[in-house]
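A.B. asks: Chains as they are written, first to last, in numbering that gives the first Met the number 0: chain A, 0 to 274; chain B, 0 to 354.
Heads up, some of the hints might be wrong.
To be verified - A short, non-exhaustive set of chain A residues, derived as facing chain B with CB atoms under 10 Å: (1) V129; (2) A171; (3) R191.
It is worth saying that the hints were derived from the structure and are not from the lab.
Here a beta-carbon is modelled for each residue, glycine too, at the ideal position from N, C-alpha and C.
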Amino acid sequence: MMRPDRGTGLALRYVAAVAVTLLFLFPVYWLFMISFKTPEEIFASPPVWWPKSLQLANYAVLFKDGDVVTIWNSVVIASVSTAAAMIIGTMCAYSIARFRTGGNFFTDWLLSNRMVPPIVIVFPVFLLYVKVGLVDSYLGLILLYTAFNLPYVVWMMRGYIQDIPLELEESALVDGCTRWQVFLRVVLPMARSGFFATAVFTFVFAWNEFIFALVLTRAEVTTFPVQVTHYFGGQSNFWAKIAAMSALGTIPIFIAVTLLQRYLVRGISLGAVKG
Amino acid sequence: MGRLSIEGVHKHYGKVHALKGVDLDIAEGEFCVFVGPSGCGKSTLLRCIAGLEEIDEGRVRIDGEAVEGLRPRDRNVAMVFQNYALYPYLSVFENIAFGLRARKVPDAEVRARVGRAAAMLGLETFLDRKPRELSGGQRQRVAIGRAVVRDARLFLFDEPLSNLDAQLRDGMRAEIKRLHQEIGKTTVYVTHDQIEAMTLADRIVLLRDGRIEQQGAPLDLFERPETRFVAGFLGSPQMNFIPCRAEGGALRFSCGRSLPLSRPAPEGRDLLFGVRPEHFSRPGEGDPRPRLDVEIDLVQPTGARTYAQFRLGGVEATAELPAHAVERPGARIALAADMARAHLFDAATGRAIRD
Ligand SMILES: Nc1ncnc2c1ncn2[C@@H]1O[C@H](COP(=O)(O)OP(=O)(O)OP(=O)(O)O)[C@@H](O)[C@H]1O
Ligand SMILES: [Mg+2]
């Protein structure tokens, strides 16, 4: 950084940061505003920047019709599949990182699973699920999302675990830990930032996943993204429902990210340095 | 408690033959130091004792019990690592207590034992801090605390001081020695610093290329090296090795100079005359000792002593002299060598020649 214009440089950087933040925040702001507007306000021209009253009718409808249950469905499916992928994936990653389980090829092969475009396997999976009776069930989507996220979790966690100095683990072994204790008492705390960062991305993937949810669910476990699409081409006030539903759908992610923010920034930048 | 015996231990890392048959017995309470050049297998041997590496052949016994098949936790040894190996997310207290917690020692006893270890190492006021809030020396003390707090049969140290600056290192070295005197635990200590080795050890084990080159009390190795390698490894500046031959009761150097021998030496073979720099001196008037007339070509004052270099027998040799013995390069002076403390080595095999 150049000394003489440090003040100006700093100011410019703040201006740029604020501008970019506003740019990214605007759609979110607009979404929430629509969810509070009356139908007239939604279609008003020039646009209404701030509705007269923050009326909750659009939300009330969702609760009355029972549409919000789809959010609950998404919460269950995304949380359980994230937990499963994180637990299995982290243990798998530890095994690969420290014992070279499966050799070099295995890790690359794992990652290559992520490269298959989901659409390619939607219908085979659908036919399979019809046979085994997993269509329109929590378990069906949970299994699928876990499988989808596992390669990502293994790949990311392997990187974080490799960054942990071996001495820490060896010292724990000599001090009287079993391998399992080393994993719980040294590896997990040391990889905490990366763990939570990975978990958030895993959760977001499961939360947003659409194609499989669309094809593999009927009425029982419709997820929130699928539900939103049901409003397209519906009644005249469908914009209001889309906005209200979407607003509700961002809240869990918002909560997760806020709670884990401390770890997220470190976890993501760790990964960035590691490459 | 704490007898260690190693028999015919071999260790391979893939194609690398890191330990080539090591035999060693360490008595209870002994302070044993492994030294040797980088890559000679010191850490490997230590890790084999700790159980962090599996050996391919041979036996490792602790108190008579064969431990090759045991996991590290079942060997009941404590180890201090070069980079401290402290857990950044735990307080100093919990770092020291780590091994006790892993073994599910009751809380009251953990408190008592950690308190005692902390007092011994002067860490009482730091117990609530995180490792990153400590200096390097304090961190190493915590690492030692982790070992002390456990009732281990052996203490293993792998270059515990090499990350500290010189001054701190001297202090910690003394502290480790004092600690050993207090606790009296059998200790195996790896270093490549010969000062550490000489000052700490009851016994030095000098390793070279996966084998034990020589072992014994520090002064024993220093004064009676069995090979040229041992002689050259211990002592600073290094011992001079000057090519020569024995002829008619004298050593003849290629430059034409010679020194009378004080004891018989095999004739007709290439030899190395080994003499430590401090065993050269300037003979006074009427000194009966044989003299070497040399021309000094480099003078290195270090304060108390001055190192003077000269050529002898086609190689550069060093003499350690009093501070003002030589002022400038180019000086021609007479030197006397202490022949009783000098050594002869076979140039081909490197083995010492004794009578
Ligand atoms: N994990 C490993 N994989 C392969 N080779 C290894 C491994 N660890 C050590 N070696 C090799 O074994 C030999 C002995 O290594 P070791 O670490 O015991 O040396 P050292 O005496 O401790 O050296 P230093 O003073 O540098 O620590 C070396 O040649 C080293 O390259
Ligand atoms: Mg080493």
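A.B. asks: Determine for every hint whether it applies to the structure shown.
C.D. replies: Hints, verified against the model:
Given the 10 Å rule on beta carbons, the hint for A/V129 is violated: about 48 Å separates it from the nearest Cβ of chain B. For A/A171, the interface hint holds, the least distance from its beta-carbon to any beta-carbon of chain B being 7 Å, beneath 10 Å. For the restraint placing A/R191 at the interface with chain B, the shortest Cβ-Cβ distance is roughly 8 Å, inside the 10 Å limit, so the hint holds.
Of the numbered hints listed earlier, the single one contradicted by the structure is hint 1.
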